[in-house]
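J.: Chains as they are written, first to last, in this note's numbering: chain V, 993 to 1210; chain P, 993 to 1210.
It is possible that part of the hints are untrue.
Since the list can't tell identical chains apart, any single copy or any two copies may satisfy a pair.
[Stated by the list, open to error] Derived BS3-like pairs (lysine-lysine); straight-line CA-CA distance at most 30 angstroms:
id: 1; residue 1: Lys1021; residue 2: Lys1209
id: 2; residue 1: Lys1143; residue 2: Lys1115
id: 3; residue 1: Lys1125; residue 2: Lys1209
id: 4; residue 1: Lys1115; residue 2: Lys1140
id: 5; residue 1: Lys1125; residue 2: Lys1143
It is worth saying that the hints were derived from the structure and are not from the lab.
Protein chains: 2
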Amino acid sequence: MPDSLAATDRTRLVREANRAVYDRDAIYKILDEAFICHLGFATADGQPFVIPTMFARVGDFLYFHGSAASRTLRGLASGLPACVTVTLTDGLVLARSVFNHSMNYRSVVVLGQAELIDDPAEKLAALHAFTEKLIPGRWNDARQPNEKELKATSILRLPLTEVSAKIRVGDVEDDADDYALRVWAGVIPLRLVADPPLRDSRCEASIPTPAYASNYKR
Amino acid sequence: MPDSLAATDRTRLVREANRAVYDRDAIYKILDEAFICHLGFATADGQPFVIPTMFARVGDFLYFHGSAASRTLRGLASGLPACVTVTLTDGLVLARSVFNHSMNYRSVVVLGQAELIDDPAEKLAALHAFTEKLIPGRWNDARQPNEKELKATSILRLPLTEVSAKIRVGDVEDDADDYALRVWAGVIPLRLVADPPLRDSRCEASIPTPAYASNYKR
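One chain only, chain V, in its complex shape (with noise of 0.2 angstroms):
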């Protein structure tokens, strides 16, 4: 896939264009650091459903995974028009101005139709891929899963053909009349951290906590 994407009539920024990305790796990297994505779907009364949702990107497609019975997933695997939309928060912009007080973030938007996933091996990777992205090193430890729970997982992928980003980073934008006020301004980072791990009650103290999860770093 080329390195760039195009933007079409539905990512192509209108507000704020300067904040727009299209760089693949720029993208990639986003949706790599985040747990999380938002997957929208609406029903055909126009109602849209907005689910928060684990995800993992391999290669050019971003995969989700849910059970076989849930609803959103059947209805996505229907062919459901879909938007994913990933977002990153890293920091409170403090303005002189209420007006111009903003967010540092980084977020991505895809668009697309979902498939599902018959493959066994292709279910495998993914599902790979999931617990290697939250905690890498953990697949190798913990038991990895037989016949029947990969049945009762369905997996589904998006490709990332339509995909744009935008982003917002640096210092604060004032009016040029403001910057004579003497009120601070600047900006509070934000980060996800790790606290240190909880051992399961039922875990024997005997069994060593993974380096994983006493240094837990995003």
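Position chain P against the provided structure of chain V, taking the given hints into account.
T.: The following block gives chain P in isolation, referenced to the frame of chain V:
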């Protein structure tokens, strides 16, 4: 409004119904902790769009703001059905089996139709709520919106009538047979934290950093 929201056919959880919450106080607490929501709507051809945006709750309404020129806000103001989803990620749940890995989270889904706010006093109250929600104390320090800025800002509100929450908390839930495995299991708590604030390059050093910036807490 009643303390507990009645589940409708559209908000009643079918899957994992034990995670459903319809208590108004619990739902409002989640809404008030979150910075951003994901706002969904669909165009006439059934294509959903999911947009991350800031919001604030005032009483039994959610408020959103944006440019008066925004296509999204104009579409929503015209009465398109909306879905607003708010998600907080609280932890990674490491089960003994890959299949039972999960996340601890709190999410809220609001369905309804938004309406445009025309009354300048209500618009100002909504902007006050946005600012004070993000940074308590900031409204009085910053330059407050003037008439031109108020006109350039569209504000929508969505009634909190059809609302549900889904919460996963606590320990790992493994299959009975898997508890015998010598696999570390537990929860890695996740938390959004603020790093020390970055003073704007054009903010004079003699202006003291306010406590809400130097010691920001969610």
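J.: The structure should be examined with respect to each hint, and the outcome stated for every one.
T.: Now for the hints, and whether the structure bears them out:
1. Lys1021 to Lys1209: both (16 angstroms within a copy, 28 angstroms between copies)
2. Lys1143 to Lys1115: Within one copy only: 10 angstroms inside, 52 angstroms across.
3. Lys1125 to Lys1209: both (12 angstroms within a copy, 28 angstroms between copies)
4. Lys1115 to Lys1140: Within. Shortest intra-copy distance 13 angstroms satisfies the 30 angstroms Cα cut-off; inter-copy 55 angstroms does not.
5. Lys1125 to Lys1143: Answer is within: at 22 angstroms inside a copy they meet the 30 angstroms cutoff, but 45 angstroms across does not.
When the structure is compared with the earlier hints, no violation turns up for any of them.
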